[in-house]
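Protein sequence lines correspond, in order, to chains A and B. Heads up, the first sequence is in the working numbering, so the first residue is 78 and it goes up one at a time. Heads up, the second sequence is in the working numbering, so the first residue is 78 and it goes up one at a time.
You may find that some hints are simply not true.
Copies of one chain are not kept apart here, so a pair can be met inside one copy or by any two copies together.
To be verified - Restricting the straight-line Cα-Cα distance to at most 25 Å, the calculated cross-link-like pairs of lysine to aspartate or glutamate (DMTMM-like) are:
1. K374 / E222
2. K443 / E403
3. K104 / D119
4. K104 / E139
5. K104 / E151
6. K104 / D134
7. K459 / E403
8. K259 / E222
9. K240 / E418
10. K80 / E303
11. K129 / D356
12. K330 / E189
13. K80 / E418
14. K163 / D273
15. K385 / E371
16. K453 / E403
17. K131 / E121
18. K104 / E465
19. K105 / E139
20. K152 / D101
21. K105 / D165
These aren't lab readings, by the way, just hints derived from the structure by calculation.
Protein chains: 2
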Amino acid sequence: MPKISHKGAAMPASPIRKLVPYSDAAKKKGVNVYHLNIGQPDLETPALFWDKLKNLDIKVLEYCPSNGIASYREKFAGYYNNIGIKVDASNFMITEGASEALSFVMMSCIDEGDEIIIPEPMYANYIGFASAGNIIVKPISTSIENGFALPPIADFEKAITPKTKAILICNPNNPTGYFYSKEELLTLRKICLQHDLYLFVDEVYREFLYSGTPFFSALNLEGMDEHVVVFDSISKRFSACGARIGAIVTRNKQVLEASLKFGQMRLSPPSLGQIAGEDLFDLGKDYYDGVIAEYQKRRDTVIGLLNKIPGVKCPNPGGAFYAVAELPVNDTDKFCQWMLESFSYQGATVMMAPASGFYSTTGAGKNQVRIAYVLKSEDLTKAIQCLEEGLKTYAKKQLEPANAE
Amino acid sequence: MPKISHKGAAMPASPIRKLVPYSDAAKKKGVNVYHLNIGQPDLETPALFWDKLKNLDIKVLEYCPSNGIASYREKFAGYYNNIGIKVDASNFMITEGASEALSFVMMSCIDEGDEIIIPEPMYANYIGFASAGNIIVKPISTSIENGFALPPIADFEKAITPKTKAILICNPNNPTGYFYSKEELLTLRKICLQHDLYLFVDEVYREFLYSGTPFFSALNLEGMDEHVVVFDSISKRFSACGARIGAIVTRNKQVLEASLKFGQMRLSPPSLGQIAGEDLFDLGKDYYDGVIAEYQKRRDTVIGLLNKIPGVKCPNPGGAFYAVAELPVNDTDKFCQWMLESFSYQGATVMMAPASGFYSTTGAGKNQVRIAYVLKSEDLTKAIQCLEEGLKTYAKKQLEPANAE
Numbered sequence: 078m079p080k081i082s083h084k085g086a087a088m089p090a091s092p093i094r095k096l097v098p099y100s101d102a103a104k105k106k107g108v109n110v111y112h113l114n115i116g117q118p119d120l121e122t123p124a125l126f127w128d129k130l131k132n133l134d135i136k137v138l139e140y141c142p143s144n145g146i147a148s149y150r151e152k153f154a155g156y157y158n159n160i161g162i163k164v165d166a167s168n169f170m171i172t173e174g175a176s177e178a179l180s181f182v183m184m185s186c187i188d189e190g191d192e193i194i195i196p197e198p199m200y201a202n203y204i205g206f207a208s209a210g211n212i213i214v215k216p217i218s219t220s221i222e223n224g225f226a227l228p229p230i231a232d233f234e235k236a237i238t239p240k241t242k243a244i245l246i247c248n249p250n251n252p253t254g255y256f257y258s259k260e261e262l263l264t265l266r267k268i269c270l271q272h273d274l275y276l277f278v279d280e281v282y283r284e285f286l287y288s289g290t291p292f293f294s295a296l297n298l299e300g301m302d303e304h305v306v307v308f309d310s311i312s313k314r315f316s317a318c319g320a321r322i323g324a325i326v327t328r329n330k331q332v333l334e335a336s337l338k339f340g341q342m343r344l345s346p347p348s349l350g351q352i353a354g355e356d357l358f359d360l361g362k363d364y365y366d367g368v369i370a371e372y373q374k375r376r377d378t379v380i381g382l383l384n385k386i387p388g389v390k391c392p393n394p395g396g397a398f399y400a401v402a403e404l405p406v407n408d409t410d411k412f413c414q415w416m417l418e419s420f421s422y423q424g425a426t427v428m429m430a431p432a433s434g435f436y437s438t439t440g441a442g443k444n445q446v447r448i449a450y451v452l453k454s455e456d457l458t459k460a461i462q463c464l465e466e467g468l469k470t471y472a473k474k475q476l477e478p479a480n481a482e
Numbered sequence: 078m079p080k081i082s083h084k085g086a087a088m089p090a091s092p093i094r095k096l097v098p099y100s101d102a103a104k105k106k107g108v109n110v111y112h113l114n115i116g117q118p119d120l121e122t123p124a125l126f127w128d129k130l131k132n133l134d135i136k137v138l139e140y141c142p143s144n145g146i147a148s149y150r151e152k153f154a155g156y157y158n159n160i161g162i163k164v165d166a167s168n169f170m171i172t173e174g175a176s177e178a179l180s181f182v183m184m185s186c187i188d189e190g191d192e193i194i195i196p197e198p199m200y201a202n203y204i205g206f207a208s209a210g211n212i213i214v215k216p217i218s219t220s221i222e223n224g225f226a227l228p229p230i231a232d233f234e235k236a237i238t239p240k241t242k243a244i245l246i247c248n249p250n251n252p253t254g255y256f257y258s259k260e261e262l263l264t265l266r267k268i269c270l271q272h273d274l275y276l277f278v279d280e281v282y283r284e285f286l287y288s289g290t291p292f293f294s295a296l297n298l299e300g301m302d303e304h305v306v307v308f309d310s311i312s313k314r315f316s317a318c319g320a321r322i323g324a325i326v327t328r329n330k331q332v333l334e335a336s337l338k339f340g341q342m343r344l345s346p347p348s349l350g351q352i353a354g355e356d357l358f359d360l361g362k363d364y365y366d367g368v369i370a371e372y373q374k375r376r377d378t379v380i381g382l383l384n385k386i387p388g389v390k391c392p393n394p395g396g397a398f399y400a401v402a403e404l405p406v407n408d409t410d411k412f413c414q415w416m417l418e419s420f421s422y423q424g425a426t427v428m429m430a431p432a433s434g435f436y437s438t439t440g441a442g443k444n445q446v447r448i449a450y451v452l453k454s455e456d457l458t459k460a461i462q463c464l465e466e467g468l469k470t471y472a473k474k475q476l477e478p479a480n481a482e
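Next up, chain A with everything else stripped away, as it sits in the complex (with noise of 0.2 Å):
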């Protein structure tokens, strides 16, 4: 029987996918299942998304070109001139997902056994993308204490190589939800120029602010063009995870020309999400400040909430719908399976992503898990009471000299 690779038995699964085996065993148990544990928003994809698929008329489901459709890049731009970032459908490429935007980027600018430098808790699935091209992580660590804000420059150059090609940062961020200052995308701009290093920034979730600072793209850092790429997606902007439609947005047209051979080899991204979710960028100031609002609030609900739990703390998040929490207990991989596996209250129990995932040192993030407030805050609130009585008969059965580990 011929053996799979050392690189696919050596990929991670994902932290948020893997415990889904256990989370359908519940269910199939009758046991109701908060998913915290993914960041599928429940709010609804807008309704002119729904009403241009209802009016399609179209014959053949056709490729499109392997950077996407012109009218959509063309749109897509535009959205980015009315946030005030100078760009225009010629600095996209339109892809599977930010999932594959990032793929694509990496494998262009990264050659095996090269180092990106990426600050941790990061994305979970940056570890896998890199593992993917055999390109090395280098986590730099970012503490609870502070919110999880970007450490001291010393710490970025301590970690600096003459193998380091990028910085990743994801803002606001995914899983802490930390909201990155101008100031400290002005320490990476610096740290890039200085080292010739890509800064790859993940936006996706730039629209969901609670501070009222307004977001500093990295796209308007000056000096930058050749060094910055931005990935983006049309996921949680509109609801629209199933759609898989992703962009690069980079200056730098060689980054985009290699890109595209990635993207020429398989053949083009989903036609129909392009098709109806052009004119989701007509969507203005009333779209956006109805989902910020709803996340806000749930936001508050859930933080909130956590912090009164004995033994639990949880930064604010600054935006996104992520927080990373961390919990009484020593091994959150095992809280989490036995969640879903041994315990139930009031017919529910919740799921939730073990934070050891989105560290790429290993043994770091052990006592943490990632939350996704992606809940109308009264389950939001039922689950995080769940969580809390959770976490109380899991303190009872560790003290069993049965349980002792």
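Let chain A serve as the given structure and place chain B on it in line with the hints.
Same frame as chain A, but now just chain B:
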């Protein structure tokens, strides 16, 4: 300015799409371009698909499971059962086109520096997927003289090294249209069992057969459950290329598990194409008979006309909707570009894919093109007539001293 990676620089541009800027320029000049370069069928996507989209009752376009929607996998398996292949939904992983299926399986089974044997000419993107994974393609030559049949077993034996992990064929073949016989598959079975190799078979064109001989799927090879991985797609079968829905089909659970980790990394395949496409598997004999009759007519038109042109040689393909033709020119890369840049006949020109990109061996196939017969017979007739005129003009041009190369 940071540099792109060696991998990015080394990625080949798609021979199918690299001439797009020239065809765009021709169209801007008002020239009608017959697209024989790409397997984009002009047949209508079945009405079932569009009807489903028009009647969707969904509020949120969610991610689907990383291995695809369960009901879709069940329907897909049902279609396999109907054509005599015993598999169930658990043998499927839904992917973003067959492209992603190939990419995930190559990475799951073959490490950097290890080898895969592929008869050439081969589907150009196989070279791209291998290049992205730093996998070495070991081509085995097939010959236009015998219609690109499977090479003798001795050629495989010569190519196998301790680093060889898999053999990959496309049946019926893209780009040659060659339809592999059951006997040829049994030969491959013998080699794979003897050397413990994977047998990867791209069967996306399995319905498009014109010889009357029934299709023999690699999944029906005895004792090969752990060796065989099949790639599939709805793109060609249902003229739904833009849906980007493909599949990995195998009984090897380890390959599915490793591929799923790559699948989790990109979260999910597109939901819309699965939701709208589910019922297409209910289409019966009438649908397939109609499609096959149409392609057979086109094949007969295009192959008949090609072989009447002086100096052109084109074997009669047994399946798919491609043919590789030898032209009386030295370099089809230059000729195909010239056809778009400098030639028109009755207001039109022809875009073909230079065959060099379908060969892994440098310099091979320089006088060949791939032709996709995906247009109506009337248009194909005009296109081949245009090609004939182009060849005449090009031959004259070559005789002019100023154009000597």
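Hint check results:
no.	hint	in the structure
1	K374 / E222	within (24 Å within a copy, 72 Å between copies)
2	K443 / E403	within (9 Å within a copy, 63 Å between copies)
3	K104 / D119	within (19 Å within a copy, 45 Å between copies)
4	K104 / E139	between (39 Å within a copy, 19 Å between copies)
5	K104 / E151	between (44 Å within a copy, 20 Å between copies)
6	K104 / D134	between (40 Å within a copy, 24 Å between copies)
7	K459 / E403	within (19 Å within a copy, 70 Å between copies)
8	K259 / E222	within (21 Å within a copy, 66 Å between copies)
9	K240 / E418	neither (44 Å within a copy, 43 Å between copies)
10	K80 / E303	between (42 Å within a copy, 9 Å between copies)
11	K129 / D356	both (8 Å within a copy, 21 Å between copies)
12	K330 / E189	within (22 Å within a copy, 28 Å between copies)
13	K80 / E418	neither (32 Å within a copy, 49 Å between copies)
14	K163 / D273	within (23 Å within a copy, 55 Å between copies)
15	K385 / E371	within (22 Å within a copy, 69 Å between copies)
16	K453 / E403	within (23 Å within a copy, 64 Å between copies)
17	K131 / E121	both (16 Å within a copy, 18 Å between copies)
18	K104 / E465	within (20 Å within a copy, 65 Å between copies)
19	K105 / E139	between (40 Å within a copy, 21 Å between copies)
20	K152 / D101	between (40 Å within a copy, 21 Å between copies)
21	K105 / D165	between (50 Å within a copy, 21 Å between copies)
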